[in-house]
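Asks: Line order of the protein sequences matches chains A and B. Going letter by letter, the first sequence gives residues 1 to 357 in the numbering used here. Going letter by letter, the second sequence gives residues 1 to 140 in the numbering used here.
What the hints contain is simulated information worked out from the structure, not anything from laboratory work. Where is the CB? At the ideal position from N, CA and C, for every residue including glycine. The hints are all genuine.
If you want a taste of the chain A side facing chain B, the calculated C-beta under 10 angstroms gives, among others:
id, residue
1, N84
2, G130
3, V132
4, Q145
5, D158
6, V160
7, Q164
8, L169
9, P172
10, R176
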Amino acid sequence: MSDKGDAEEEPPHLLWGLDPVFKAFARLYVKDILQMRQSRQVPGIYFYKTHPVFQVDVLGTVVYRREREDFCCYGVDDSTGVINCLCWKDEKWRDFGDSVKGRGGGVFDAEEQLRKLREAQRSRMELDIGDVLRVRGTVKTSRQQREIMASCFYKVSDPVMAVQISRMLEMPSLYRDCYDRPFSVPPHQAGTAAAAEPGGLSDFQLLLGRAGRILKEFLREKEVARFRPYDVEYLLHPLLPRPAATPSVGQVWNLLKDSLKILQDEGEIFRKVLSPDEVYNVTEQDKDLLAAIMDVLREDSKREKYTEKGCHVLHVLSSVRQRYSRNLSREALQVALRLLECNSDIISTTDSHYTVL
Amino acid sequence: MLPAHATFYFPWEIRTDAIKDGTSLRTCWVFQRDPSAPFLCAQTLRLASYLPEESRAVLTCVRASVQHQVSVRTTFVEPFHPVIGAQYIVLGETEKAEGGDAILHARVLTCVDGVDVALLQKAVDEQRSFFKDRDGPGPE
Chain A
1 MSDKGDAEEE
11 PPHLLWGLDP
21 VFKAFARLYV
31 KDILQMRQSR
41 QVPGIYFYKT
51 HPVFQVDVLG
61 TVVYRRERED
71 FCCYGVDDST
81 GVINCLCWKD
91 EKWRDFGDSV
101 KGRGGGVFDA
111 EEQLRKLREA
121 QRSRMELDIG
131 DVLRVRGTVK
141 TSRQQREIMA
151 SCFYKVSDPV
161 MAVQISRMLE
171 MPSLYRDCYD
181 RPFSVPPHQA
191 GTAAAAEPGG
201 LSDFQLLLGR
211 AGRILKEFLR
221 EKEVARFRPY
231 DVEYLLHPLL
241 PRPAATPSVG
251 QVWNLLKDSL
261 KILQDEGEIF
271 RKVLSPDEVY
281 NVTEQDKDLL
291 AAIMDVLRED
301 SKREKYTEKG
311 CHVLHVLSSV
321 RQRYSRNLSR
331 EALQVALRLL
341 ECNSDIISTT
351 DSHYTVL
Chain B
1 MLPAHATFYF
11 PWEIRTDAIK
21 DGTSLRTCWV
31 FQRDPSAPFL
41 CAQTLRLASY
51 LPEESRAVLT
61 CVRASVQHQV
71 SVRTTFVEPF
81 HPVIGAQYIV
91 LGETEKAEGG
101 DAILHARVLT
111 CVDGVDVALL
121 QKAVDEQRSF
131 FKDRDGPGPE
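Using the sequences and the accompanying hints, generate a full structural model.
Replies: This is the structure we're talking about:
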């Protein structure tokens with residue numbers, strides 16, 4: 001395992017979530033943790049063979065100890081390597097006061113029991129050289145030294161080495177069954193848009209997701225209020241195969257149609273008027289829509305019926321439909337209401353009621 | 001700053017010519033496989049004697065009718081309260097002593113009386129064979 005990992009050998013970072021090892025606290029040998037190569041795609045992530053790793057679980061003997069005010073640094077040796085583990089001290093142990101004298105005499109003293117519990121907890125968090133430590137935490141490289149920033153650690157009571165032996169026995173099989181098996185990305189997830197055929201449902205959904213994101217970003221950046229499909233068609237060309245032949249035009253058009261449908265369903269865009277001229281309004285940029293919603297809320301909030309609780313969203317929807325557009329969907333209205341609330345123009349009194357400020 | 005890691009070695013493997021001076025290692029049990037016996041018998045590394053004035057403990061084990069002895073310098077782990085006859089795990093550096101005997105300068109000396117020697121032997125063997133398969137034959 002050299003440190004010089006090529007980015008090409010690493011699976012794309014968007015797919016790392018598919019690897020169960022990525023989310024687990026990997027039980028690697030310290031030797032492997034020290035030799036893992038850093039990812040070229042995302043800093044702070046490391047690779048053991050083809051698996052992305054950033055959190056590990058280590059069990060070993062403390063062979064080095066350095067204490068500071070806020071944390072203790074333990075050198076942990078699992079017989080394959082030694083690694084520094086940074087273990088933050090819990091603030092509650094710092095002010096650990098004197099013991100409270102128990103009443104004794106067989107009476108259950110809650111305070112005494114609590115004190116004993118705290119003492120037991122505290123003693124498991126303070127270790128000395130020779131103790132067995134279990135650590136779970138994230139791997140970091142600091143001053144060219146690899147170390148573990150512990151998120152959880154405790155002293156293991158292991159008088160007959162049962163825990164350490166059990167760990168030693170399970171590690172090789174963990175490696176064989178899991179870590180040494182390559183991270184295989186399912187083929188239909190790995191395919192790029194260029195190589196993809198619209199077989200495999202998830203493949204198309206991936207494409208659709210990308211198309212939707214591209215359109216949303218464009219509309220937001222350029223503050224587009226209204227558009228027609230052919231205005232934005234060119235944005236999707238990079239997603240599909242290069243050749244500018246008729247088949248690709250059809251593909252782009254289908255992709256565009258489906259993406260616009262999704263944006264409509266989400267309420268990001270809507271058609272004010274259903275006519276042969278396919279014009280879409282961008283909800284958040286439609287000043288007239290926002291004004292219409294404000295008018296409805298302002299007027300109706302004065303009415304006794306709505307003063308206390310505000311107007312229900314369905315009431316607002318039917319009013320705005322009458323005033324502004326019969327085709328306005330509830331989703332688009334919710335997007336507009338959310339924007340107005342973010343701007344502090346209106347306020348939601350419940351999940352479905354709104355009023356003006 | 002951090003000490004070198006301590007690999008598992010069995011007591012009969014700690015001969016001064018087999019292991020370089022200054023190597024960090026840990027040692028413990030001896031699992032003895034007697035080919036003539038129908039069952040496996042285990043021997044352990046036990047504390048035979050402790051000389052506090054010399055800071056020296058002697059641990060022994062028997063394998064194939066040969067007594068193996070490891071001297072352990074205990075300066076780093078004092079005060080050391082010995083339990084004569086108990087099983088111990090020693091983690092430390094090898095030193096060459098006069099007469100060619102193995103001496104370990106212990107950094108960790110823990111009593112683990114009651115350990116399952118057979119299982120520990122199996123665990124060490126499994127780890128060794130795993131590394132051998134994965135990394136090829138090497139010191140570990």
